[in-house]
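S.K.: Fit chain S to the given chain Z structure using the hints.
So the protein sequences, as listed, match chains Z and S.
Using the working numbering, the letters of the first sequence correspond one by one to residues 1 to 115.
Using the working numbering, the letters of the second sequence correspond one by one to residues 1 to 117.
Do not take every clue at face value.
Dumping the calculated DSSO-like pairs for lysine-lysine here, alpha-carbon to alpha-carbon at most 27 Å [what the hints assert, rightly or not]: (1) Z:Lys-102 to S:Lys-55; (2) S:Lys-20 to S:Lys-41; (3) Z:Lys-102 to S:Lys-41; (4) Z:Lys-102 to S:Lys-20; (5) Z:Lys-102 to Z:Lys-69; (6) S:Lys-66 to Z:Lys-102; (7) S:Lys-14 to S:Lys-41; (8) Z:Lys-102 to S:Lys-64; (9) S:Lys-66 to S:Lys-41; (10) Z:Lys-102 to Z:Lys-49; (11) Z:Lys-49 to S:Lys-41.
If you want a taste of the chain Z side facing chain S, the calculated C-beta under 7 Å gives, among others [to be verified]: (12) Gly-43; (13) Gly-101; (14) Phe-105.
Keep in mind that the hints were calculated from the coordinates and are not lab data.
Source: prediction; values computed, not measured.
Idealized CB from N, CA, C, for every residue including glycine.
Here is what each chain is made of, one letter per residue.
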Amino acid sequence: AQSVTQLDSQVPVFEEAPVELRCNYSSSVSVYLFWYVQYPNQGLQLLLKYLSGSTLVKGINGFEAEFNKSQTSFHLRKPSVHISDTAEYFCAVSDLTDSWGKLQFGAGTQVVVTP
Amino acid sequence: GAVVSQHPSWVICKSGTSVKIECRSLDFQATTMFWYRQFPKQSLMLMATSNEGSKATYEQGVEKDKFLINHASLTLSTLTVTSAHPEDSSFYICSARDLWSSYNEQFFGPGTRLTVL
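Here chain S stands alone, though its shape is the one from the complex:
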C-alpha cells in the first residue's frame, strides 16, 4: 500500500516550453501533497504544499507563476513548469500525506527528471 506515482519519469523539453508533471496517490487519499526539487548530490528542497481544492502554499523564493500547482482531487496533483529554462533542469519529487494518517508520514513518488535544452 501507500504507493505514489509520478508521470513522466523523465522529460526533455526546449527552452520556453511548458512541462506538466503528474503526481498520483494510487491506493490512498491524500489531502496534502508536497512538491520538492532536488539538485545533484543535494537534499530535497520543499517548493510548495498542495491541498485538494485550495491554492497551493509556496515556500519563500519559489515563483508561483512559474511553478503552477493544481490539486484537483484527493489522488492527483500536478506541477506545471511554465516557460522552462535550462536552470529549471532538476529532479522533481512529489510526496503525499495519507488523509487518515495520525502522524506526518509522507509517501514519495519516484521522481521526474526534467532537462531543459
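Chain Z on its own, in the form it takes in the complex:
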C-alpha cells in the first residue's frame, strides 16, 4: 500500500514570487506520480505526471516537478506565480502493478496568492 504526505496544508505566496509544494510518498513498489490542481467547486485538472525517464517533469501553466527516488519525493515548483494560481493542489501516486489504476491522494495544499 502507498501513502502520500503533503507537508504543507497552506502556502501563502506573493504574486510573482516562486512557490514550492512538497510531496513525499511511501510505497513498496514502483509508482507513477501526479500533481493535480483543483479550483473552487471544480474537478481536478492534471498539472503534470512522472511515469519514467527524466526526473524533471514540466507541466502546464509553468509548473514543474522533480522526482527524487532516494528521498521518495515529488515536489512541485513554479518560479513566478500569478493570482490565478490560487487553488488547491493534490499530489497523487499510483502503483504500477495496480491493474485498476487507483490513485492515492495527499491531503492537499492550499495555495493563496496575494498581490
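M.R.: Structure of chain S alone, referenced to chain Z:
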C-alpha cells in the same frame, strides 16, 4: 480531448429521496471509472471503482446498498445515492481511465454538489 462530464452539477433533495449522478467520458472509452467523495477542505476519498459490464468494487466502509453504481457502457457510469440523508451531503467527483492509456492517468469530471435537506 479526454473530457469527462457530470450531471447534474448540483442537486438539492429532501431527506429520504434518491439521487442519481451521471458520469460520462465524452471523447474516449473508459473501461474503468472511479467515484470519489470530497468533504470541504479535504482530500478526495475513493468510494468505488466501476468497471463496464461488471459489479463495482467498493472501498472499505462504503455502503454498497446506499451508493449504487452502474457502469452500463464504456462511456457512462452512474452513482445513485439511495434514501439520502443530510450526512450524505458532499461533493461527488467521478473520474475515468482511458481504455487505451498505458499508464494510470485519470480524467476528472467537474463534480456534483449534493445537498440533502
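S.K.: Decide, hint by hint, whether the structure agrees.
M.R.: These are the hints, each one checked on the structure:
1. For the proposed pair Z:Lys-102 and S:Lys-55, the alpha carbon gap of about 16 Å is at most 27 Å, so the pair holds.
2. Distance check on the hinted pair: S:Lys-20 and S:Lys-41 sit about 24 Å apart at the alpha-carbon level, within 27 Å; holds.
3. Between Z:Lys-102 and S:Lys-41 the alpha-carbon distance is near 22 Å, which keeps this suggested pair within the 27 Å criterion.
4. Straight-line distance between C-alpha atoms of Z:Lys-102 and S:Lys-20 comes to about 23 Å, which keeps the hinted pair within the 27 Å bound.
5. Under the criterion of a C-alpha separation no larger than 27 Å, the hint pairing Z:Lys-102 with Z:Lys-69 is consistent with the structure, at around 21 Å.
6. Distance check on the hinted pair: S:Lys-66 and Z:Lys-102 sit about 22 Å apart at the alpha-carbon level, within 27 Å; holds.
7. At most 27 Å may separate the alpha-carbon atoms for a hinted pair to count; S:Lys-14 and S:Lys-41 meet this at roughly 25 Å.
8. The straight-line distance between the Cα atoms of Z:Lys-102 and S:Lys-64 is roughly 18 Å, inside the 27 Å bound, and the hint therefore holds.
9. Restraint check for S:Lys-66 and S:Lys-41: satisfied, since their Cα atoms lie roughly 24 Å apart, inside the 27 Å limit.
10. With a CA separation close to 15 Å, the supplied pair Z:Lys-102 and Z:Lys-49 stays within the 27 Å bound.
11. Between the alpha carbons of Z:Lys-49 and S:Lys-41 the distance comes to roughly 23 Å, so the proposed pair stays at or under 27 Å and holds.
12. The closest approach between the C-beta of Z:Gly-43 and any C-beta of chain S is roughly 4 Å, which is under the 7 Å cut-off, so the hint is satisfied.
13. About 3 Å separates the beta-carbon of Z:Gly-101 from the nearest beta-carbon of chain S, less than 7 Å, and the hint is met.
14. With its C-beta approaching chain S no nearer than about 5 Å, Z:Phe-105 sits inside the 7 Å limit, and its interface hint holds.
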